Amino acid sequence: MIRVLLFARIADLAKTREAEFECAEEGIALNELTKQVVARFPALEASLAQPRLLFLAINQEQAWLDDQVKDGDEVAIMPPFSGG
Amino acid sequence: MIRVLLFARIADLAKTREAEFECAEEGIALNELTKQVVARFPALEASLAQPRLLFLAINQEQAWLDDQVKDGDEVAIMPPFSGG
Amino acid sequence: MTKAVRIQTEDFSVEEETKLLHGGNGGMGGIVTFLGTARDFSKGKDVSRLEFEEYAGMAEKAMNSLRDTAMEEFDIIDMRIIHRIGTIQAGEQIVLILAGSAHRGAAFDACEWCIDTLKKTVPIWKKEITPSGESWVEEHP
Amino acid sequence: MTKAVRIQTEDFSVEEETKLLHGGNGGMGGIVTFLGTARDFSKGKDVSRLEFEEYAGMAEKAMNSLRDTAMEEFDIIDMRIIHRIGTIQAGEQIVLILAGSAHRGAAFDACEWCIDTLKKTVPIWKKEITPSGESWVEEHP
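Chains as they are written, first to last, in the numbering used here: chain A, 47 to 130; chain B, 47 to 130; chain C, 127 to 267; chain D, 127 to 267.
Any given hint could be a false lead.
Examples of chain D residues toward chain B, derived with CB under 10 Å [to be verified]:
#1 L146
#2 F178
#3 M184
#4 I203
#5 G217
#6 I223
#7 D242
What follows is a list of derived Cβ distance ranges for each label pair [to be verified]:
#8 G153(D) to A89(B): 37 to 47 Å
#9 Q108(A) to S174(D): 20 to 30 Å
#10 E72(A) to G150(C): 22 to 32 Å
#11 M197(C) to G153(D): 30 to 40 Å
#12 S258(C) to A89(A): 53 to 63 Å
No lab work stands behind these hints, which were simulated from the structure alone. All figures in this text were calculated on a predicted structure; none of them were measured in a lab. Don't be surprised by glycine CBs; every beta carbon is placed ideally from N, CA and C.
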């Protein structure tokens, strides 16, 4: 199981802040996982089509689309930050 | 009468913070006044010999050695500032 | 409540944080503080309140690493970073960064670098609530 | 006691001055503060206390003109400058400068310019009292 966390505008569009996805034993590229996320939440299609406007993390560390996600990982899909 | 105010190290050397000097009707160049100050307070000779290390003011406005002092003016002879 | 890096819903005291930073450190000659407050107007619209959301865990980790980097890169003695989340009314305090050093230049540089970098690297998001609706702010693509 | 530019013997409150600067000004999004404190060590010597002397009248005038210039030259909404004189023990507060603006860059620039320029242009002098004697500080010829 991979736990996917969504934040701010991305969470609003998906109408959820969290979702779980099956994970093959060999893991899955982050790029593939985001396609599954779009398949489940079509409202995210436009946002996830522009990944350079997103910040991705695996287990709370910044990650990129070609990084590999393993079973049990926590993945975060985040819009640009606006703290401060 | 010209009122001369001395500050910090300059006042310590002169052992006074204030002195009065006679003033001719036509006034006096600040340069001449500082000579009279040295004559009365010889301990200031070395300090006043290096006027670029001093800050001078007439009536609380920055002044230079060739500025003219009038009767009734307040003149300040100040070492480099160290506030803040 | 006295950790040097915190994310919290409650307000903070500038005075208290300043005293905690100074902490009787006799070598500290200058403290530079940045305090961010909620403006009541943004991009032509009245803003009645803000709502801040964080990625719990990662946001605090990012702020801690910000402080670690600042302590290494700048000649400062100590730094504190406090960010509020949740609902913040116009006029209220949002974020506080304090940098203390022997000489003031390093504290100015560290403090400004810290708020600039916080905005780009800490997973916190701001929503503006205006009379005409709500919108997430996304200024740093 | 609430004038924006003051020279005083008594201590000041960072919190109070911050509130006075903000003053419910809804357009102020960032406040940058410089707080100077008395170090207990200077140029290899322990310093037990400082004594500050001013040119009464001219010092406050110079600080007011500093504030006027900063308000003209930088895109800030307000500024406050408070300097203590008299005896200040090691660790105590000496000077406080606050700059408030809509966007933080101007407040950082104005605050740093103000303390740099204050040191050069305001007739205030500092004497350091160490175990081995007293000496006037003259760093800006």
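Comparing the hints with the structure gives:
1. Interface restraint check: L146(D) against chain B, minimum CB-CB distance 21 Å, threshold 10 Å, status violated.
2. Taking 10 Å as the C-beta contact cut-off toward chain B, the hint placing F178(D) at the interface holds, the least distance being around 7 Å.
3. A distance limit of 10 Å between C-beta atoms decides the matter here; for M184(D) the minimum to chain B is near 4 Å, and the interface restraint holds.
4. For I203(D), the interface hint is violated, since its Cβ never comes within 10 Å of a Cβ in chain B; the closest pair sits about 23 Å apart.
5. Here the hint on G217(D) is broken, as its CB sits about 17 Å from the closest CB of chain B, past 10 Å.
6. Hint on I223(D) holds. Least Cβ distance to chain B is approximately 9 Å, under the 10 Å limit.
7. Using the Cβ-Cβ criterion of 10 Å, the hint placing D242(D) at the interface with chain B is satisfied: the shortest such distance is roughly 9 Å.
8. In this structure the hint that G153(D) and A89(B) lie 37 to 47 Å apart at CB is violated, the actual value being about 55 Å.
9. Look at Q108(A) against S174(D): about 50 Å separates their beta carbons, and that is not inside 20 to 30 Å.
10. Between E72(A) and G150(C), the C-beta spacing of about 57 Å breaks the proposed range 22 to 32 Å.
11. For the pair M197(C) and G153(D), the beta carbons lie near 33 Å from each other, so the given range of 30 to 40 Å is met.
12. For the pair S258(C) and A89(A), the supplied restraint of 53 to 63 Å is violated, since their beta-carbon distance comes to about 22 Å.
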